[in-house]
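Work out the full structure: start from the sequences and follow the hints.
The opening position of the sequence shown corresponds to residue 760 in our numbering, with each subsequent residue numbered one higher.
Think of the hints as simulated: they come from the structure by calculation, not from any bench. Glycine included, each C-beta is placed from N, C-alpha and C at the ideal position. Every clue listed holds true.
Here are the simulated distance ranges between beta carbons:
1) 773 with 815: 16 to 22 Å
2) 808 with 887: 25 to 31 Å
3) 806 with 781: 30 to 36 Å
4) 772 with 884: 28 to 34 Å
5) 862 with 808: 18 to 24 Å
6) 888 with 769: 30 to 36 Å
7) 857 with 908: 15 to 21 Å
8) 813 with 926: 34 to 40 Å
9) 837 with 805: 16 to 22 Å
10) 885 with 811: 40 to 46 Å
11) 908 with 888: 29 to 35 Å
12) 770 with 916: 17 to 23 Å
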Amino acid sequence: MTGPHPIIEGINGHREFLLTGEGRPPYVESRSEPFPDAASIETVLNARRNLDDWQEQYATARTANNLAAVHICTGDLEAALAACQEAESKLIDMLQEGNPHPEPLTFAGLAMVKYNAAVLFWAAGDSENNWTFADDNRLGAHEALMEVGEDADEDVEFIRSALLAFPALR
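Next up, the structure:
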């Protein structure tokens, strides 16, 4: 995959790009083994969807985002869109319901998902308004980061720098 890469979030909250290489499955630089495949992530996501605990809500969104990243890297853009929408919906629900998960972290997660949606539409190319959708999601990611405010850590700054490096669409 050339161009911007999707962002994944580890269970420890650390964010990094999910990369691809010729003949190589998706991977992150910090790990020597391949990143889990879509089927493995889908299994985890299905288990998380059935948990009611508020702490699992963010984990569900994170897992859906990571699934979207894998689908973007493997070119299954329709599945990536569905996973991005699930992650975004979960995070927005958390914010609207007053979930006790820290709001800045939830907004950072939303920024990450919006960034990945921008990457998805960028990868789809300039047809059927995809670049318009990419730009809308890029701007949505910026807006979510503005809600984080002064609570930004290095992983939030990672998202911010990825947005600043996003290619111009027009």
